[in-house]
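Taking the hints into account, I'd like the entire structure generated from these sequences.
Protein chains in written order, with my numbering: chain A, 1 to 334; chain B, 1 to 334.
These are calculated hints, taken from the structure and not from any lab test. Treat the hints with care, since some could be wrong.
Calculated pairs, DSSO-like style, for lysine-lysine (alpha carbon to alpha carbon, straight line, at most 30 Å) [to be verified]:
1) B:Lys-257 with A:Lys-200
2) B:Lys-19 with B:Lys-200
3) B:Lys-301 with B:Lys-41
4) A:Lys-257 with A:Lys-19
5) A:Lys-168 with A:Lys-301
6) B:Lys-257 with A:Lys-257
7) A:Lys-257 with B:Lys-200
8) A:Lys-41 with A:Lys-112
Here is how the chains run, residue by residue.
Protein chains: 2
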Amino acid sequence: MDAVNHQFRLAARPEGLPKESDWDRTEEPVGEPGEGEVLVKTLYLSLDPAMRGWMNEGRSYIPPVGIGEVMRALAAGEVVASNHSGFAPGDHVTGLLGVQEYAIASGDALMKVDTDLAPLPVYLSTLGMPGMTAYFGLLDIGRPAAGETVVVSGAAGAVGGLVGQIAKLKGARAIGIAGGEDKCRHIVDELGFDAAIDYKAGDLDAALGEHCPDGIDVYFDNVGGEILDAALARLGRNARVVICGAISQYNASAAMKGPSNYMSLLVNHASMTGFVFSDYLDRLGEGAQDMAGWLAAGDLKSREDVAEGFDNFPETLLRLFEGANTGKLVLAVG
Amino acid sequence: MDAVNHQFRLAARPEGLPKESDWDRTEEPVGEPGEGEVLVKTLYLSLDPAMRGWMNEGRSYIPPVGIGEVMRALAAGEVVASNHSGFAPGDHVTGLLGVQEYAIASGDALMKVDTDLAPLPVYLSTLGMPGMTAYFGLLDIGRPAAGETVVVSGAAGAVGGLVGQIAKLKGARAIGIAGGEDKCRHIVDELGFDAAIDYKAGDLDAALGEHCPDGIDVYFDNVGGEILDAALARLGRNARVVICGAISQYNASAAMKGPSNYMSLLVNHASMTGFVFSDYLDRLGEGAQDMAGWLAAGDLKSREDVAEGFDNFPETLLRLFEGANTGKLVLAVG
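Here is the structure:
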């Protein structure tokens, strides 16, 4: 194969938002898959807030990306060549392919997906990591009962939009916090949330009070910072706070802001529990089956925000931290 | 009855540590108990960190003490006169008697205690609110398994000293964090903790790493602030953080410091849950039975730090926030 593989490698550990010089755009010949391996042409890159954390030094749930390594990313693509009995050219797969046009991966680390059932980007979205993150975070940790009030931040994002929809499917009220009128309209009109709060519009605390007169039963947090504090101040008795992310803090140069109102947990006999997607690897089948069923029945809407062009990876990633995406941000690769 | 009742009333809401002018020392004639009421002579006042919170304006798990009201306090005393069939003069009781030498209370709000089984101050300590706080916080929320590592801050205090002892009774390792050599010696030599960390002695993070090489399974927090952050940074997988108090923050004039390291909950699939004693009012019998049994068997040591003199109430209360007490701080009255 004579094709050239373009890649984005981590050139430096960013301080604050990743900038151009933190990336090294490289090219190398496309290699040949070894025994048990598969060569995949990347079609869609998944752009996720978690990627910012993977760029930092230090202990976390997953080792950091090394300097000089191809940036880690989930992606969906098409099999070009296979030395693994489970895959044949033309198959569609998802996996940790990295920010590159071609990847060689162990077949055992890939998942074959059926594009007759759902378009390929949906496997990076509702039927992928964000979908399973929403599903297990809400149902295993948040455990909303029918009639309870669920509040989710980042509600127009990939995970948040699903959290509210799943909450509704379980009979709970879903209140979304998002930035800007368009996103708020989207989550109510298209996704079916009961209400949306535009945190950019003014008094978040008063809005939470208005929409949650009996307090918040489940708060699903994707953003951290002041929004987390505002939600803590409105918890109801025995509330469950689900810590899924803290996108407002990922690019902070100063120390992360802790939730000043955490003593609300004490006052309300409430809990705050964190998790990551990979905590549920052994239960993904359960989540995928439910989510695919709801999707097929039209009970769940999958919204992808598709940007174009491999070379646009660095600036497209920044859209996550600018709050510029509505739904799951993916990059269609040339 | 001609006796005079001296009282400490809340004169102003303190900023920072309560000062002399925040109190009003009053006197009035001792009254007569009405129907169903009991007149009690206070013998021991319970001095608790929670009292500082009761002096603040604003929503909490219990209404604040009003300006001009007798300061709220748990206390133990002797019945002087009774219009309630459950009590007779000479009986010993505990209840929310307030910071005063005599109290008239509804008999239904008092608990009769047996001083043949344990000295009266123990009913404000191991067999009272601190004991039940340690018992339910550790066993209902922390849920330590045998072999797990339990870390408790404020370990030489009323609650902390019991948390470590109960952890040991359940087969867990108990590591206490306390301030100063004497307290550290006390919790290891007298209370039987496996180890003590003197947070004033230096590198708390390194000491936690040394004593908890596999991470912390249960962290029981009485103090908040930097110690909470240090413990969060050392959590093990599926750890449970019990939020019982935040004594380092109660007198802060600035906004409370939230735990910057709360994302450790996410990385470790860990939870942080708050509670107050009164959440368990309907299960107190269960706790009292276990605690009294352990005490009678010599498996639990009850340590009271007894100060003297009703008029010394204001400065004795401050000892809690100076970390000057070892064990349960009580004030012997009269």
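Non-conforming hints, listed in increasing numerical order: Per hint list: zero violations.
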